[in-house]
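Participant: Starting from the known structure of chain A, arrange chain B on it as the hints suggest.
Residues per chain are reported as follows:
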Amino acid sequence: MSNSAFHFLLLFLTLFLHLTIVFSWKKEEFRNCNQTPFCKQARSRKPGYCSLIATDISVVDGNVNAKLIPKTSDQDSNPLILTLSVYQDGILRLKIDEDPNLNPPKKRFEVPDVIVPEFETKKLWLQRVSTEVIGGDSEPSSVVYLGDGFEGVIRADPFEIFVREKGGKRILSLNSHGLFDFEQLRVKKEEDDWEENFRGHTDTRPYGPQSISFDVSFYESEFVYGIPEHATRLALKPTRGPGIDHSEPYRLFNLDVFEYLHESPFGLYGSVPFMLAHGKSRGTSGFFWLNAAEMQIDVLGAGWDADSGISLPSDQARIDTLWMSEAGVVDAFFFIGPGPKDVARQYTSVTGMPAMPQHFAVAYHQCRWNYRDEEDVELVDSKFDEFDIPYDVLWLDIEHTDGKRYFTWDKVLFPNPEEMQKKLSAKGRHMVTIVDPHIKRDDSYYIHREATQKGYYVKDAKGNDYDGWCWPGSSSYLDMLSPEVRDWWGEKFSLQNYVGSTPSLYIWNDMNEPSVFNGPEVTMPRDALHYGGVEHRELHNAYGYYFHMATSNGLVKRGNGQDRPFVLSRAIFPGTQRYGAVWTGDNTADWDQLRASVSMVLTLGLTGISFSGADVGGFFGNPEPELLVRWYQLGAYYPFFRAHAHHDTKRREPWLFGERNTEIMKDAIRMRYILLPYFYTLFREANTTGVPVMRPLWMEFPYDEATFSNDEAFMVGKSLLVQGIFTEKAKSVNVYMPGEQAWYDLRTGITYKGASNHKLGVSEESIPAFQRAGTIIPRKDRLRRSSTQMVNDPYTLVIALNSSKSAEGELYIDDGKSFEFEQGAYIHRRFVFSDGKLTSINIAPGASGKSQFLSNCIVERIILLGHSSGSKSALIEPANLKVDVELGPLWLRGSKGPLVPTIRRPNVRIADDWSVKIL
Amino acid sequence: MGLALLALVIFGFASPIVRSDSVLGVSPQDEEFYKASSSGSIKCKDGSGKFTRAQLNDDFCDCLDGTDEPGTSACPGGKFYCRNAGHTPLYLFSSRVNDGICDCCDGSDEYNGSIKCPNTCWEAGKVARDKLKKKIATYQEGLNLRKQEIEQAKLAIAKDEAELSKLKSEETILKGRVQQLEERKEQIEKAEEKERLEKEKEDKKRKEDAEKSKAKSEDEKEIHIQDESATGSTQNNLEGSPKDQNLRLKASLHRPWRSKKISLSDKRLTERNTSINPCVVQIPQLIAILMDKDVPVSSSYVLNRGTEVEHDGNFDNEGSLENSIQQHAAVDEKETAGISDTDLHSGSEVTHDQVAKPEKDASENTEALSKEELGRLVASRWTGESSEKSEEDTTAEDGGHDNNEQTPESTHSEEYDAYDLENDDDNQMYDDDDNVDDSMGEDIGDEHHYNDPASSYRSDSESESDLSEIATTSNPSWLEKIQKTVRNILQAVNLFQAPVNISDAAHVRKEYEDTSSKLSKIQSRISSLTRKLDNDFGPVKEFYSFYDRCFESKQNKYVYKICPFKQASQEEGHSKTRLGRWEKFEGSYRTMVFSKGDKCWNGPDRSLKELQQKLDEMNKEQPQSHDEL
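Just so you know, the sequences run in chain order A and B.
Residue 238 in UniProt numbering sits at position 238 of the first sequence, with consecutive numbering throughout.
Residue 535 in UniProt numbering sits at position 535 of the second sequence, with consecutive numbering throughout.
By construction, these hints were calculated from the structure, which means they are not laboratory data.
Check the hints yourself; a few may be wrong.
As the list claims (entries may be wrong) - Subject to a maximum C-alpha distance of 16 Å in a straight line, what follows is the list of computed EDC-like cross-link-like pairs (lysine to aspartate or glutamate):
(1) B:K557 / A:D376
(2) A:K427 / B:E110
(3) A:K95 / A:E110
Claimed, not checked - If we take Cβ atoms under 8 Å as the criterion, some of the chain B residues that face chain A in the derived model are:
(4) S73
(5) D99
(6) I101
(7) K371
(8) E372
Said to hold, decoys possible - Computed list of chain B residues with no C-beta within reach of chain A, every gap over 12 Å:
(9) R96
(10) R129
(11) Q179
(12) D536
(13) S595
The beta-carbon is built from N, C-alpha and C at its ideal position, and this holds for glycine as well.
Here chain A stands alone, though its shape is the one from the complex (with noise of 0.2 Å):
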C-alpha cells in the first residue's frame, strides 16, 4: 500500500510536468549551434582561416571556370571546381562543388526545380575575362562584366568573389573574411564514427560531415534584412560581435515548433536563405544561397573582426555576415539592386515571381480548427450573412477526416460535402480543406496502399519505409522530391479521386515541414533517404516547397489548366510564391505576437513569398476582445487574410463580442472587401515584378533613414501606408510619415506633412492609415456577401492630390480565376490626374490573339482630397457629358462620414478611354 501510494504521488508528480511542458516552446529539444558540429566550427574559425586560392581560370560555355586548391599543399584535399555565370539584371552566379572527374563517394544535392527555367535563358555568355591586379596581390584577379557598370571579381590569392561598381566600390562580396570551408564527402572508413546522437535519435552521418561555410559581406549598408522565418524585428540584430551577449544565430532548419517566441532567431517553418542589404547612399544589394539543408546565419556586429588583421575596403557602414551549411554545394546568387525593388525583380526573376491569385484568396477567410460538422459550417456561414458581414472561404481543419486520412470525410460530421460545398458555393463562397503530407499506416487506407505498393514513401537509413508519428499516429512521408511521386500525388486532386471534392474547394498543406511528433527535433532523421538517394540532410527545407508544388500542380491539372490553383503552405522554401499563400505557423494571442506579424510578413515579402500572413486573432490562447480586433484591423491589410484559432480556445467569430465590436471588426473586414481592386492590382504587380503587396516604408522610401528599421508600420502598395496598434488600451500613437508629399488620413481625409512624426489620437474605431498624396487608389464601395458578387459593383476612385495638385495611380481587373490573363485577357489603366483632369489610360499591350477580358463595370464616384475649388460640374470626353460636382462622403459607413468633393456618376466605363475635367 505504501509503494503504491508513493508510485501515485510520483506519478502525479508526472503529470504535473507533463501538462506544465504542454504550455511552452522547448529550447532544449532543438539543437543550438553549440550542439550542431558544423555550427560551432565554423563559428569558432578565425578571419583568415581559409587557405584556398583560385587557380586555373577560364572561360567555358560562357561561364568563368576556375579550380580552388589550398595554397599549402594540403594533403588530403581535392581541388574544388568554380563556376561563375552573369545573369541580365546585374545578377552573378557562383558555384562551388567537389570535382565529379575526381569520383567523389556520391553527388552532392542541388535543389532542383527551383530556378525557373526562363532564368536560363537570361544568361550572358561570356566571352572573355580582364584581370587586374588589386593592391599588392601576387596573383591578378579576373574580372567580369556585370551589366551596366558593375563588374564581378573572382581574387585568386587570397581566394575571394565580389561585385563592385565598375573599378569602384564595392556592393557584396564573399569570403572576405577568409572563413570559407568546404567539408569533401568521405568514404567511410572503419576507425571513423561520425554518428551524432541528440536526445536519443542517432544520425548515421554515412558521408561523414560536408558542411560549408563563408563570410559575405554588404557595402555601405546599414542593415540587413530577410532570410525568414524568424519570429525576429525587420531589421535584422547582430547576432555576434562586441557588446552583443550570447545568441544563437539566425536558424534556417524548417520546424514544427510548438508556442514559437517572438525576438528570437530560432528557424520556424519556413527558410530562405535570401538577405538583402539597404543603406541609403548605395542602396539595396541582395545575396542568396540556394541550398536546402540546414542553414545558420551569423549577422555579425560592426567590430566583430576588428583583431583580425584584414581590413576591407570601405569599411564604412559594412556589414558582415556568415553562412554556416550542413550540407549541399554553393550555389550563390548576387544582386545588385541598387533599389529594393530591383533586388526584389532580381531575386524573382531567379525564383520565380509570386502566382496571381484567384481573386476570392484575396478576400476574408475564415477558418478555425475545428468547424465541427456540416451544421457548424452553415451555422457560421448563415451568422456572417444575419450581420451581412462579407467573407469568401470556410476552412475546415484535420477534423475533417475519417481518421486523419486525408482526401476523406468523416461521414458522421461531413456525410454531404458536395452538397455543403455547393451551398457555400451558391454564395459565391470557397471551401479549403486540409491535405498534409504524413501518410496514416493503414493498409485499408488508399493512398497508404498504393504509396507502400508503388515504394513512393521516405525510406529510412535502413531502406524501410520512414515509419514517424503525427496525427493519424503511425504514418509514412511521400517522397515528394520524385517528379513521379509528385505526379501520382497531383492526380488524387482530382474531382472523381477526391470524393467529396467539387470544383470550389481549395487546400491546405500543413505540417509540411515535415512534422513529425517523435522524429529528432519534431521533423524527419537526417539520414531518411529521398529520391535518387538524396539524404534527407540535404533536402530538409524543401521538402515542403516539393510537397506545395506537388498539391498546386495538382489542382491546376484537377481544373484543365483553367482554374488558378489556391494552396496555403506552411512551409517555406525560395520558389514558395510560385505556388501559392503561406502563413506564418501557429502563432499566439498576444500583443508581441501581432507586432512581430507585422515584421514576419514584411519579410516574407522582401523573399518574394508576398501573399503571406499571420493567423488573425492568434492561434494558441484567448485574445481579449480589443486584441482580436486590433487583430483584424491589422489583418485586414495583411497580403492574406485569414482568422484562424486552435480547437481548445473560445469562439472568436466576429459577431461573438458584443454589437460595438462586431461592428468595428465588420468595418475592418469591410475596409479589406473595398480595397479588393486596390489589393488585386497590387497583387498583380508581384506577379510580375517580384514587389511585394506588404513592404517595408523603406522600400517606398529608400533614402529616408527613419524608415530602415521601422517595422510598426507597413506599405500596401506604394499609396497605402498603415499603422499597427500594438498595446492594449493606446490613446495615443506616434506615426512616421516618410517621403515629401502629404499623407491623407483615410477614414477623415485629414492631411498630414510629409517627413515627419506625428502624435495622433487612438480610437478603438481603427488603427491609423493614410493615402499618400499624388496617388489614385481604385476602391468598389458597396457592400456584398463574398467578393464573388462585386465583380460587376461600380468603382470609386479616390484621387489624392499631391501639392502640385496631381496624382496617378493603376487599376488591373481580370476574370479572376482563370489563366487567360497570361493571354493578355485583362484590363490594365492607368489613372492620371493633373490640371484638374482625370484621365483613363489603358497600358495593357494589345491582347496577343483571341483572349479578351470584358468588363462593364463603371465608376460611380470620383473623391478629390486635396482638392480645394469650388467647382460644381465635370465634363466628361469625349461622351462631352457634364455631370455634378458636390460634396459627398469619403465613406458609406453609417451616420457621420467627412464631406469631400465628389464627381457624382460620371458612369464611364472602367475599361474605356475618357477623361474627366473639373470645370
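Facilitator: Only chain B this time, still in chain A's reference frame:
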C-alpha cells in the same frame, strides 16, 4: 404567442396587392414617406442630408443611412423590402440587391437581368403556412403538457411537502424517544457500573477464591459479546460488513486507477487528437430533441440501476453487493493487465523511468520514451488535453474500442469509483444531494441506448430508492411499532436495580441504536427534501418534475447528458467531459445555465448554456430549427 402566429398566417394570406406606383424596395407602410416629399426634396431619415425625387433609387448613395436607395445596392447600410405576395414580406440587406442570388421569393431583389428569379412565394408560403399550423398545434399540445406538468408539480410538491411535515413531526417524536432511550440506557449503564463496583467490592472482600473471580470475569465477557450481537443484528452488523468490504474495495480500486495514470501519462496523450473537445458547447436544439422524445425510463436501465438501489437500500441483499465488488475486482484486474501490457511496451525499466521522471523535466527525458510515446507526447502539445480526460481516453482504449458501449466497467471513471466508495449505504439513500458534486462524474445510465437521438429518464438521485424508502419510513404502522416497542421496553425495564437484567439492557441498547439510526435517516431525508424544495422551479413550479429527470441526446459522436438542477456532461465513447453543474435559469426560464465544468486546456472552465427555450420546451413546441436539422 399562438395568436401572434395565427396573425402571421392570416397576414401571409392577405398580402397587399402590389401597386404599380410603389417605390422599389419600400414597404407599403413607408411609401407615404417618399410620396409626401415628392414635391421637392426628401430628407434622409437620419437627417444627414436630403435628396430629390430623381435621386431616389438612382443607384447612387446620397444618404448614408440608405434612405434614397431602398431599391438598389448603392448604400451599404440600406434595407430592401420585398413584398413576397403569397408569403411573408422580407427586409433584405441592400448588399443582396442584384447580387445574382435570389433572396426574395418574388424575385424582386434581382432585377438587373443578370439572373432570372422565379416567383416561388405561393409554394413557399404554403409550406410556411403548413408549418405554422403545425406549430400552432404543437403549441396547443405543449400548453396542455405544460398544464399537466404544473398539475403534476402541484401534486408532487404537495406530496413532498406533506412528507416533509410528516417527517418533521416524526423527527420530533423520534427525538423524544431517542432521548428517553438514551436516558434509560444511561440509567442501565449507571446501574451496571454500580453493579460492577459492587462486584469489585465483593471481589476485594472475598479475594480468597481466585477461581470464582475468574468465572465472574468470563461472565462479563459473555455479556459484552451478547451486547454486540444484539445491536448488530438490527443494523450495525449488516451495515458494517458492506462497509468493510467497501473499504477493501477502496483499497483495491485506488491502485488500479493510479497505476492506470502511470501507464497513460505518455501514451494516451495522442489519442485525444481523435476527439475534439469544443470548449464552448452549443447545443441549441438539444433539449428540444430531448423533449421531443420524452421517453419513459427504459426497463433495462431500471434493472441496471436496480442492483445499486438494492444493495444500497436492502441490507440483506449481500449478493448484489458481492457482484458489484466482483465487478470492480474485474475492472481492477483488467486494468492491471492493461498496465503491464503498456509496461512491456516500454521495456522492463519502465517503472524506474517513471519513478525517475518527476525528478527531471519530463521533456528532457524523451530519450526514455518509446518512439510512439514520444509521438503522442509531442502531439499532445497541440491537442493539449488534460490528464483527466486522457485518462478516460485510455480507459476506453483499454476497453478495446472507442465506441464500444458494451464495456460498462471501463466507463467507471475516477469520479465514478470515488462516488461509489465514498457513499456508504446510508448516505446513498438520503444524501444524494450532498453528493451532487461526486455524482457529477457518475455515468448515469451508461447502459442506456445511445441510438436514440435523445431521451430522458429519471435521474438516479432519489427516485427509486427514495420511493421505497419513503414507503418504509412513512408507513404509519412502522412508527407506531417503534413507539410501541419503546414504550414496552421502557415499561418492562422500568426499575433498574442491580443486578441488571441482561436481556433487558441489551434490548434497550438495541432499541436506542435502532431508533437513533432511524432518526438520522429521517433527518437526512428532511434535509434533502428541503434542499430540493428550495430550488427555483419556475414561476408556477412547472419544472418540478425535472428535478428527477435527465435528458440525453446523441449529437454525432457526442452524447450530451443534461440533468436539470444537477449537471451536464458530454461523452464521447467512454470519455466524459463535465460541461458544468447546475447554476440557474436565465432569460425568463428559457435557458438553463450549467457552469464550472472541466477546465479547458489553455482556456477557461467549460460551461454550457442550454440555449433552448425552456418555455418552448414546456410548451412542447416543436421548434422550427428541429425541422431544419
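Participant: Does each hint hold? Answer for all of them.
Facilitator: How the hints compare with the structure:
1. B:K557 / A:D376: 14 Å, holds
2. A:K427 / B:E110: Holds. K427 of chain A to E110 of chain B sits at ~14 Å (cutoff 16 Å).
3. A:K95 / A:E110: Given that 16 Å is the threshold and the Cα spacing comes to 10 Å, the pair holds.
4. S73: 5 Å, holds
5. D99: 4 Å, holds
6. I101: 6 Å, holds
7. K371: At about 5 Å, which falls below the 8 Å cut-off, the nearest Cβ of chain A leaves the hint on K371 of chain B intact, so it holds.
8. E372: For E372 of chain B, the interface hint holds, since the closest Cβ of chain A sits about 6 Å away, which is under 8 Å.
9. R96: For R96 of chain B, whose nearest Cβ neighbour in chain A is about 7 Å away, the distance does not exceed 12 Å, so it is violated.
10. R129: Consistent with the label, R129 of chain B stays out of reach of chain A, its closest Cβ about 23 Å off (over 12 Å).
11. Q179: 43 Å, holds
12. D536: 28 Å, holds
13. S595: Since the minimum Cβ distance to chain A is about 15 Å, S595 of chain B lies beyond 12 Å and the statement holds.
The structure does not agree with numbered hint 9 stated previously, though it agrees with all others.
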